[in-house]
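> Spelled out from the first residue to the last, the chains are:
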Amino acid sequence: NAGVTQTPKFHILKTGQSMTLQCAQDMNHGYMSWYRQDPGMGLRLIYYSAAAGTTDKEVPNGYNVSRLNTEDFPLRLVSAAPSQTSVYLCASSYHLAERGNDNEQFFGPGTRLTVL
Amino acid sequence: DQQVKQNSPSLSVQEGRISILNCDYTNSMFDYFLWYKKYPAEGPTFLISISSIKDKNEDGRFTVFLNKSAKHLSLHIVPSQPGDSAVYFCAASPRYENTGNQFYFGTGTSLTVIP
Numbered sequence: 001n002a003g004v005t006q007t008p009k010f011h012i013l014k015t016g017q018s019m020t021l022q023c024a025q026d027m028n029h030g031y032m033s034w035y036r037q038d039p040g041m042g043l044r045l046i047y048y049s050a051a052a053g054t055t056d057k058e059v060p061n062g063y064n065v066s067r068l069n070t071e072d073f074p075l076r077l078v079s080a081a082p083s084q085t086s087v088y089l090c091a092s093s094y095h096l097a098e099r100g101n102d103n104e105q106f107f108g109p110g111t112r113l114t115v116l
Numbered sequence: 117d118q119q120v121k122q123n124s125p126s127l128s129v130q131e132g133r134i135s136i137l138n139c140d141y142t143n144s145m146f147d148y149f150l151w152y153k154k155y156p157a158e159g160p161t162f163l164i165s166i167s168s169i170k171d172k173n174e175d176g177r178f179t180v181f182l183n184k185s186a187k188h189l190s191l192h193i194v195p196s197q198p199g200d201s202a203v204y205f206c207a208a209s210p211r212y213e214n215t216g217n218q219f220y221f222g223t224g225t226s227l228t229v230i231p
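Taken in order, these protein sequences are the chains called A and B.
Note that this note's numbering has the first sequence beginning at 1, numbered continuously upward.
Note that this note's numbering has the second sequence beginning at 117, numbered continuously upward.
Some clues are possibly wrong.
Restricting the straight-line Cα-Cα distance to at most 20 Å, the calculated cross-link-like pairs of lysine to aspartate or glutamate (EDC-like) are [claimed, not checked]:
| id | chain 1 | residue 1 | chain 2 | residue 2 |
| --- | --- | --- | --- | --- |
| 1 | B | Lys-184 | B | Glu-131 |
| 2 | B | Lys-153 | B | Glu-174 |
| 3 | B | Lys-121 | A | Asp-72 |
| 4 | A | Lys-9 | A | Glu-58 |
| 5 | A | Lys-57 | B | Asp-117 |
| 6 | A | Lys-14 | A | Asp-26 |
| 7 | B | Lys-187 | B | Asp-200 |
| 8 | A | Lys-9 | B | Glu-158 |
| 9 | B | Lys-170 | B | Asp-200 |
| 10 | B | Lys-153 | A | Asp-38 |
Beyond 10 Å from chain A on every Cβ pair, some chain B residues (computed) [to be verified]:
| id | residue |
| --- | --- |
| 11 | Gln-122 |
| 12 | Arg-133 |
| 13 | Ser-165 |
| 14 | Ala-207 |
Treat the hints as calculated values from the structure; they're not laboratory data.
Every value quoted in this text rests on a predicted model; they were computed, and no experiment measured them.
We put the CB at the ideal spot given by N, CA and C, even for glycine.
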């Protein structure tokens with residue numbers, strides 16, 4: 001099992017450019033999330049998907065997400081801004097209804113993104 | 117609004133001694149709590165969890181204590197080892213079904229274990 005993989009590891013964007021951060025998991029997890037990690041702020045949830053083909057909450061401005069299948073959960077920065085400079089972490093887990101107790105999230109290694 | 121708080125950004129401990137990391141939460145609907153460990157340039161990895169029906173859970177050198185009335189949990193590492201040096205995140209989840217499996221994370225505590 002590769003677990004949760006993310007590409008790229010690092011990227012530099014100019015303001016206004018767009019790009020897609022890739023995330024994939026091979027554990028057949030229904031639930032996937034994107035977080036950003038900033039100094040002094042901990043991990044902040046950007047968006048989550050409970051299953052393929054579903055959208056579960058309003059997508060924050062500046063981002064676009066899709067969940068066409070169980071394995072992949074790409075995050076697109078539509079028109080990058082310096083405020084989006086961060087480390088982006090993707091995570092997956094079983095849905096609560098599938099697993100119940102002891103249901104931790106598994107994280108990818110992260111993408112360090114700088115927007116100039 | 118930070119619903120999970122770790123008020124100590126950093127902690128230094130001598131090797132072999134006990135490390136105690138603290139976490140407070142505000143949402144009384146949280147009923148499942150986890151600790152994650154994160155090394156630089158890696159994703160967080162799960163360490164230990166506790167359900168609100170318990171007040172203690174132990175796994176080897178790691179013990180998590182939960183005080184529901186105080187909305188406080190702590191992670192004890194005994195004995196501390198240099199390899200434990202990392203950032204530790206506390207996380208909490210309201211495990212009612214209509215939110216799937218959403219977690220709220222604290223700001224992290226950087227632990228340094230001095231050889």
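> Look at each hint and say if it fits the structure.
Hints versus structure:
no.	hint	result
1	Lys-184/B with Glu-131/B	violated (31 Å)
2	Lys-153/B with Glu-174/B	holds (16 Å)
3	Lys-121/B with Asp-72/A	violated (31 Å)
4	Lys-9/A with Glu-58/A	violated (27 Å)
5	Lys-57/A with Asp-117/B	holds (18 Å)
6	Lys-14/A with Asp-26/A	violated (32 Å)
7	Lys-187/B with Asp-200/B	violated (26 Å)
8	Lys-9/A with Glu-158/B	holds (10 Å)
9	Lys-170/B with Asp-200/B	violated (25 Å)
10	Lys-153/B with Asp-38/A	holds (16 Å)
11	Gln-122	violated (8 Å)
12	Arg-133	holds (26 Å)
13	Ser-165	violated (6 Å)
14	Ala-207	violated (8 Å)
Checked against the numbered hints above, the structure breaks hints 1, 3, 4, 6, 7, 9, 11, 13, 14 and satisfies the rest.
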